[in-house]
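*Asks:* Let the hints inform the model, and build the full structure from the sequences given.
Just so you know, we're using our numbering here: the sequence shown kicks off at 555 and counts up by one.
Hint data in this document are derived by calculation from the structure and do not stem from the laboratory. Note that the structure is a prediction, hence the values are computed from the model and not measured. Just so it is clear, CB atoms sit at the ideal spot from N, CA and C, and this is done for glycine as well. Among the hints, a few may not be true.
Across the chosen pairs, the derived CB separations fall in these ranges [as the list claims (entries may be wrong)]:
id	residue 1	residue 2	range
1	Q564	A594	39 to 47 Å
2	Q564	M589	55 to 63 Å
3	Q608	E630	47 to 55 Å
4	Q638	E598	25 to 33 Å
5	V586	Q638	44 to 52 Å
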Amino acid sequence: MAELRASYSQQCADDEARARHRYTELQGAKRVELMQQERAQKSEQDRQRLAQEQCDEMYRIVALKRKKVPEMNSGERADFERFQENWRSRCPGAR
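*Replies:* Dropping the structure here:
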């Protein structure tokens, strides 16, 4: 009878240890997944911020060049039109 109790206690202890180990693994996996999601979100935010900065700079250039259109020769005007079209295609809401 004592052997059965000892065996049962050992099995319970082993089961509990496996359960604790599995729980720790799951928590670690959740932590890793959360960190990956946070990294991906930050990366997307950085990409959007950079794109907005580029659009803002392109807008500044377009606004400056628009004032000089009457003074431009045909080559400069064509370059400006290409730049302006590029700005419009890359930047949503470009006017």
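*Asks:* If a hint holds in the structure, say so; if it does not, say that too.
*Replies:* Evaluation of the provided hints:
no., hint, in the structure
1, Q564 <-> A594: 39 to 47 Å, "45 Å, holds"
2, Q564 <-> M589: 55 to 63 Å, "38 Å, violated"
3, Q608 <-> E630: 47 to 55 Å, "22 Å, violated"
4, Q638 <-> E598: 25 to 33 Å, "28 Å, holds"
5, V586 <-> Q638: 44 to 52 Å, "46 Å, holds"
Hints 2, 3 from the earlier list are contradicted by this structure; the remaining hints agree with it.
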